[in-house]
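S.K.: Let chain A serve as the given structure and place chain B on it in line with the hints.
Below, each chain spelled out in residue letters.
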Amino acid sequence: MIRVVLPAHLRTLAKVEGEVTFEIEGPVTQRSVLDALEARYPVLQGAIRDHVTKKRRPFIRFFACEEDLSHEPPDAPLPDAVVKGAEPFLVVGAIAGGL
Amino acid sequence: MSGVRVLVGTKKGAFILSSDGKREKWDVSGPHFAGWEIYHLKGSTKDPNRLYASQTSGWFGQIIQRSSDAGKTWETPGGEKLPKPGEFPVGQANKFVYDTTAETGKPLTTHQFYDGTQHPWEFKRVWHLEPSTTDPDTVYAGVEDAALFRSTDGAHTWQELSGLRGHGTGPKWQPGAGGMCLHTIILDPSNPKRIYIAISAAGAFRTDDGGKTWKPINRGLKSTYIPDPNAEVGHCVHHVAMNPSRPSVLFMQKHWDVMRSDDAGDNWHEVSGNLPTDFGFVIDVHSHEPDTIYVVPIKSDGEHFPPEGKLRVYRSRTGGNEWEALTKGLPQQNCYVNVLRDAMAVDSLDKCGVYFGTTGGQVYASADAGDSWTPIVRDLPGVLSVEVQTLA
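Going line by line, the protein sequences match chains A and B. The opening position of the first sequence corresponds to residue 1 in this note's numbering, with each subsequent residue numbered one higher. The opening position of the second sequence corresponds to residue 100 in this note's numbering, with each subsequent residue numbered one higher.
Do not rely on the hints blindly, as some may be mistaken.
In the DSSO-like style, the derived pairs of lysine-lysine whose C-alpha atoms are separated by at most 30 Å in a straight line are [to be verified]:
id, chain 1, residue 1, chain 2, residue 2
1, A, Lys54, B, Lys110
2, B, Lys110, B, Lys194
3, B, Lys271, A, Lys55
4, B, Lys171, B, Lys110
5, B, Lys398, B, Lys321
6, A, Lys55, B, Lys223
7, B, Lys223, A, Lys15
8, B, Lys223, B, Lys110
9, B, Lys111, A, Lys54
10, B, Lys427, B, Lys409
11, B, Lys194, A, Lys54
12, A, Lys55, B, Lys194
13, B, Lys121, B, Lys111
14, A, Lys55, B, Lys110
15, B, Lys111, A, Lys15
16, B, Lys194, A, Lys15
17, B, Lys111, A, Lys55
18, A, Lys54, B, Lys223
19, B, Lys171, B, Lys124
20, A, Lys84, A, Lys55
21, B, Lys311, B, Lys145
22, B, Lys450, B, Lys409
23, B, Lys111, B, Lys145
24, B, Lys171, B, Lys194
25, B, Lys124, B, Lys111
26, B, Lys271, B, Lys194
27, B, Lys171, A, Lys15
28, B, Lys110, A, Lys15
29, B, Lys314, B, Lys292
Covered stretches of chain B (chain A as the covering partner; in silico rule of three or more C-beta atoms under 8 Å from a C-beta of chain A) [said to hold, decoys possible]:
id, segment
30, 149–161
31, 165–178
These aren't lab readings, by the way, just hints derived from the structure by calculation. Backbone N, C-alpha and C fix where the C-beta goes; we use that ideal spot for every residue, glycine too.
So that you can see chain A by itself, here it is in the shape it has in the complex (with noise of 0.2 Å):
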């Protein structure tokens, strides 16, 4: 099982509350993670990563296991931790600003 923790902008916005859990079948990777998340929740497509390139947007970080993955590449394998549910797959916000 999969675990993924939003910030909670884009948990009001997927209204839910807590972490997101899932199944994947296959490689778990940012890409499929992202790809199992947007399916289960249309309304984060273009909120994490854009809509055409998939690229993940400017202020929005990844981190897992206490390391930050945001700049892995999109298929590298996640830790095992993510993939046995041990540790969660975090979407942060980045810092910037106060406003």
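M.R.: For chain B alone, kept in the frame of chain A given last:
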């Protein structure tokens, strides 16, 4: 009984202010979408319960919200949950993608950037939503970087009217301080194929064939802050307004200068007259008197606040040139708010109601065509837009 609904977009959410036809007591609903910038929300004239809202964030991008019950509940068209896990959605929420197909236009890849170099078009947000006057499921969106999109399925899917970007002057368009935004969309009620739009900083444009082809309509504008003050494009138009009963007469608040056109934008002449400053953002027209117009003069392009710290709406009852200050009920000392370009609207009751919102979070209403003003609310987040629905 008649009533009004004032739709307010702010930097931290949307608010809906409702009153009966007397416009004395107000109910305030909100914040809707708390924490998000709501650039604009507007209702359909065909179905007043149908509202569209532009919800946006520098972090999370663009969301379009839609309500079918006057704002009591909202949905994201195309973003509905899947009936079964693993299935792909039928619709795609909030997808604004510039048209680069050979079939529908001349694909454009760049516009002018602040430093004069060419820069690729990058979608950032929706500034203005304009529902069709005949079909509640048809709505237009003016976006940054400047382009016009249309949805005919209630905002599920969006298609760019790429003839605007592709008509030829696009590489000369450049962003204003607020970005390169298409902020004004006016649908001609007498001619469904005629649409006016305005872009900062490119100017005003018109289509007479439903959006296929466009032409700049900036003759007569003079902007001394650009290399060629009389250029075909490059003018920082802040807002354009029209009275539906006289759709070929347009009024414009430009970066500097208040302008008027009597021929659907083909030619403009200045009507700033005795205004204390002709810089400003908003402009609107009385709903029953097409020669009565309203502006809020702002001191300059560097100091975005009212002259002398006095918040004054100026009204002309002569279609421009002769202006009177409206001050009753408005702060006349130590007021340094701004009124942004989409933050004024009128209702169609008798007497005409006029409404505007400030960057200080006040929404002021006048139920007597501007003679006197009362704050409906004083302490909202900074107001980005104000629209009004007149309810039967």
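S.K.: Now, for every hint given, state plainly whether the structure supports it.
M.R.: Right, here's what the structure says about each hint:
As the CA atoms of A:Lys54 and B:Lys110 are separated by approximately 27 Å, the hinted pair is consistent with the 30 Å bound. Taken as a hint, the B:Lys110 and B:Lys194 pair is honoured in the structure, with Cα atoms around 22 Å apart against an allowance of 30 Å. Annotation: proposed proximity of B:Lys271 to A:Lys55 holds, straight-line Cα distance about 29 Å (limit 30 Å). A threshold of 30 Å between alpha carbons decides the hint, and for B:Lys171 with B:Lys110 the separation of about 20 Å falls inside it, so the pair holds.
The hinted pair formed by B:Lys398 and B:Lys321 meets the criterion: a straight-line CA distance of about 19 Å does not exceed 30 Å. This hinted pair checks out: A:Lys55 and B:Lys223 have alpha carbons roughly 15 Å apart, not beyond 30 Å. At most 30 Å may separate the alpha-carbon atoms for a hinted pair to count; B:Lys223 and A:Lys15 meet this at roughly 24 Å. Restraint check for B:Lys223 and B:Lys110: the C-alpha separation of about 16 Å stays at or below 30 Å, so the hint holds.
Distance restraint check for B:Lys111 and A:Lys54: the Cα-Cα separation of roughly 27 Å lies within the 30 Å cut-off, and the hinted pair is therefore satisfied. With a CA separation close to 11 Å, the supplied pair B:Lys427 and B:Lys409 stays within the 30 Å bound. Distance check on the hinted pair: B:Lys194 and A:Lys54 sit about 12 Å apart at the alpha-carbon level, within 30 Å; holds. About 15 Å separates the Cα atoms of A:Lys55 and B:Lys194, which keeps this hinted pair within 30 Å; it holds.
For the suggested pair B:Lys121 and B:Lys111, the alpha carbons sit about 29 Å apart, so the restraint of at most 30 Å is met. Among the hinted pairs, A:Lys55 with B:Lys110 is consistent with the structure: their alpha-carbon atoms are about 27 Å apart, no more than 30 Å. Only pairs whose Cα atoms come within 30 Å are accepted, and B:Lys111 paired with A:Lys15 is accepted, the gap being roughly 18 Å. Restraint check for B:Lys194 and A:Lys15: satisfied, since their Cα atoms lie roughly 20 Å apart, inside the 30 Å limit.
Our distance criterion of 30 Å between C-alpha atoms is met by B:Lys111 and A:Lys55, whose separation comes to about 27 Å. Restraint check for A:Lys54 and B:Lys223: the C-alpha separation of about 15 Å stays at or below 30 Å, so the hint holds. For the given pair, B:Lys171 sits about 20 Å from B:Lys124 by alpha-carbon distance, which is consistent with the 30 Å threshold. Between A:Lys84 and A:Lys55 the CA atoms are separated by roughly 26 Å; this keeps the pair inside 30 Å, and the hint holds.
A hinted pair counts as satisfied when its Cα atoms are at most 30 Å apart, and B:Lys311 with B:Lys145 qualifies at roughly 24 Å. For the suggested pair B:Lys450 and B:Lys409, the alpha carbons sit about 25 Å apart, so the restraint of at most 30 Å is met. Restraint check for B:Lys111 and B:Lys145: satisfied, since their Cα atoms lie roughly 29 Å apart, inside the 30 Å limit. A C-alpha spacing of about 25 Å is found between B:Lys171 and B:Lys194, which places the hinted pair at or below 30 Å, so the restraint holds.
In summary, the hint linking B:Lys124 to B:Lys111 is supported, as the alpha carbons are separated by about 24 Å, within the 30 Å threshold. Distance hint between B:Lys271 and B:Lys194 is fulfilled; the C-alpha atoms sit about 26 Å from each other, no more than 30 Å. Between B:Lys171 and A:Lys15 the alpha-carbon distance is near 16 Å, which keeps this suggested pair within the 30 Å criterion. The suggested pairing of B:Lys110 with A:Lys15 holds, with an alpha-carbon distance near 21 Å, which does not exceed 30 Å.
Between B:Lys314 and B:Lys292 the CA atoms are separated by roughly 14 Å; this keeps the pair inside 30 Å, and the hint holds. Coverage of the segment 149–161 of chain B by chain A holds in this model, with 6 residues showing a Cβ closer than 8 Å to a Cβ of that chain against a need of three. Counting residues of the segment 165–178 of chain B whose CB lies closer than 8 Å to any CB of chain A gives 3, which reaches the minimum of 3, so the coverage claim holds.
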